[in-house]
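As a plain string of letters, each chain reads:
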Amino acid sequence: MKLFREVITYVVFAGLVGLLSVWPRYEIVDRKEAVISLTFSHAGQRIGECHTFTQEELNKLPPNMRKPADCPRERHPVRVLLRSADRVLHEEVLAPSGIWSDGKANIYRRIIVSAGSHVLYVGMNDSGDYGGFDYEATATIDIEPGRNVVVRFNEQLQQFSIY
Amino acid sequence: MIERLHRIGRGMFDLLRLPLSRAFASEQNPLNHLGALTVYFLWIILISGIWLLIFFRTSVSAAFDSVEYLTREQWYVGGVMRSLHRYASDAAIVTILLHVIKEFVFDRYRSVRWFNWVTGVPLIWIVFPLGISGYWLVWDELAQYVAISSAELLDRIPIFTDSMAGNFMSDDVLSDRFFTLMAFLHLIGLPIFLVFGIWLHIFRLNGPRINPPRRMMAAVMICMLVLSAVYPAVSHDAANLAMTPQVLRLDWFYLHVYPLIQIWSPGWVWVLLTGISAAMIIMPWAPAAKKMEPALVSLDFCNGCKRCVDDCPFGAVEMVPRTDGSSYTHEASVSANLCVSCGVCVGACPTATPFRTRTALVPGIDLPDRSAAAIRQSIISTAEPPSAEPRIMVFGCKDDREADRLRHAGASVITVTCMGHLPPSYLDFVLSRNHAEGILLLGCEDGNCNYRLGAEWTEQRVARERDPRLRKRTDTARIALGWQAPWSDYGDALAALEAFRATLREKLSRDESAVL
Chain A
1 MKLFREVITY
11 VVFAGLVGLL
21 SVWPRYEIVD
31 RKEAVISLTF
41 SHAGQRIGEC
51 HTFTQEELNK
61 LPPNMRKPAD
71 CPRERHPVRV
81 LLRSADRVLH
91 EEVLAPSGIW
101 SDGKANIYRR
111 IIVSAGSHVL
121 YVGMNDSGDY
131 GGFDYEATAT
141 IDIEPGRNVV
151 VRFNEQLQQF
161 SIY
Chain B
1001 MIERLHRIGR
1011 GMFDLLRLPL
1021 SRAFASEQNP
1031 LNHLGALTVY
1041 FLWIILISGI
1051 WLLIFFRTSV
1061 SAAFDSVEYL
1071 TREQWYVGGV
1081 MRSLHRYASD
1091 AAIVTILLHV
1101 IKEFVFDRYR
1111 SVRWFNWVTG
1121 VPLIWIVFPL
1131 GISGYWLVWD
1141 ELAQYVAISS
1151 AELLDRIPIF
1161 TDSMAGNFMS
1171 DDVLSDRFFT
1181 LMAFLHLIGL
1191 PIFLVFGIWL
1201 HIFRLNGPRI
1211 NPPRRMMAAV
1221 MICMLVLSAV
1231 YPAVSHDAAN
1241 LAMTPQVLRL
1251 DWFYLHVYPL
1261 IQIWSPGWVW
1271 VLLTGISAAM
1281 IIMPWAPAAK
1291 KMEPALVSLD
1301 FCNGCKRCVD
1311 DCPFGAVEMV
1321 PRTDGSSYTH
1331 EASVSANLCV
1341 SCGVCVGACP
1351 TATPFRTRTA
1361 LVPGIDLPDR
1371 SAAAIRQSII
1381 STAEPPSAEP
1391 RIMVFGCKDD
1401 READRLRHAG
1411 ASVITVTCMG
1421 HLPPSYLDFV
1431 LSRNHAEGIL
1441 LLGCEDGNCN
1451 YRLGAEWTEQ
1461 RVARERDPRL
1471 RKRTDTARIA
1481 LGWQAPWSDY
1491 GDALAALEAF
1501 RATLREKLSR
1511 DESAVL
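Quick note, the sequences are listed as chains A and B, same order. This note's numbering puts the last residue of the first sequence at 163; the count rises by one with no breaks. This note's numbering puts the last residue of the second sequence at 1516; the count rises by one with no breaks.
Worth double-checking, as some hints may not be accurate.
[What the hints assert, rightly or not] Below, a list of computed lysine-lysine pairs in the DSBU-like style, where the Cα atoms sit at most 35 Å apart:
#1 B/Lys1507 x A/Lys2
#2 B/Lys1398 x A/Lys2
#3 B/Lys1472 x B/Lys1398
#4 A/Lys2 x B/Lys1102
#5 B/Lys1398 x B/Lys1306
These aren't lab readings, by the way, just hints derived from the structure by calculation.
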């Protein structure tokens, strides 16, 4: 009887391990939905102009600290807007990284949308002037269920790509 | 407040231990070997992992296919090894969780035990990334989900200049170097930290048990093999970064936090994880346990025999060169920071003998809060006068309230700190000086000793296999070892007493007939 109970205990344990290793199933997106991934790393423009030293100012500096110009390290936050037709999917002002706020602003957002045709618009501002956008892109895209549409900023081409 | 939490926790733990204590003998009860079982699962993971490594290919295009080959083509070995690897990893999480809960509810994490508790927290932080990184390597849809979600989590740490999650947006961006890095972490980096962490976790313990009993090892192995054969671990579809996984069979043992990354945010998940870890780290001092006085060495009676060093469960006693000019070369020295005041060293001390009458009973090492002299005095003052019924003297651990209640069942009850605290000469003293006809040692069962090793040492001392040994003249048939789980109720203790009383009555009657 004791042995039987031991066997039952081990069977229950194995069953529990086997069950919880796969169940319950987790639904990430509905079968009629898709995902738009908005991602980029982009540095905003510097917050102020560089100051070019005059010869007189340079002479006052110790020899080891002389340099042509003094540029502020801090950068502007980056504002990004993603729309599908008139519906705003995501809007955010991204702070620059780094303890001196001089690094890139990073974003990765998963936005769940219904499958179907979408007119996507993305705009980004890195100059601190939020009246308009410095970079914009628009694309009409037919999104099938389960698709991962990527909206990213290409640093080399200095433009958005949507694919 | 904290005692109430422990009590509630013990009540909940009872839901599991009651059926298990009916199913298993004490030495085969998995609840008594949770730490050792975890190490055993790590061995299974290591050996099965070596087999998987032989066939695994670390590249974006080949990783999935190599795992599929193991699972489908080589199902009879590779598939079984993969399933063993997976299920042993899951089972390790179960034993780790129960180990943590058990140590908490039985209050074995405070006082000098803070070290074992606190060093266990980083181990959890190693085990989870180790398991999670294993899922990345399969490079199926689940791996894709885990990789992107993990990257989201890591992106929240403000030390990275670029978004890591952005690297998983298309197959073109992902490089084979990513798999090399993950393979390094999973196969070498994290396991090295894990082994070092386990060593640190147990290095303060004297004679830590890192292997469960062989029968249990065999049973667990059969259990894992049957599970692997009946329900083999399989992959999802191959990862496709152009698509998003829709429905996944998550391994909830390792990935339970991942849905929260989407439901809450990576930042709040960090708050949750670091909050739980910080709470665990400060728990030993919230509030700190009342500490008994550590064991005290009396050099006048310490002959440097080293038995206390051998028996101390926590390595709190060491031998140092003599400081009092005695002819003995060494003396015992107690580290107050490590001493849990269990008294096992007193039980090991040959000078802790109650027969000493010419001088005061001061052994070479003693507990100030429950001295050897006080125990002898308790024996003398508690002993009942002879009667028709055999008198039984019960020695119970101070943490065992049920032993104390046996007074109402006609037994003399004396408490010691731990059963290992009681020198065997005291058993001889009780019987030879006619303080009782029988002795019941009602201590915690092996593997569940509140202080470690008390039951094991006592059994060996009574069986005359370990110094200090019970004297040969002492009739061991008049001594009963009633090991109980610390959670036993009064009924268990009473049953042990009644069973011993019946046996003793029969034995004494037999002895009497033999004399006549």
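How the hints compare with the structure:
no., hint, result
1, B/Lys1507 x A/Lys2, "holds, 29 Å"
2, B/Lys1398 x A/Lys2, "holds, 31 Å"
3, B/Lys1472 x B/Lys1398, "holds, 28 Å"
4, A/Lys2 x B/Lys1102, "holds, 24 Å"
5, B/Lys1398 x B/Lys1306, "holds, 26 Å"
No hint from the list above goes unmet by this structure.
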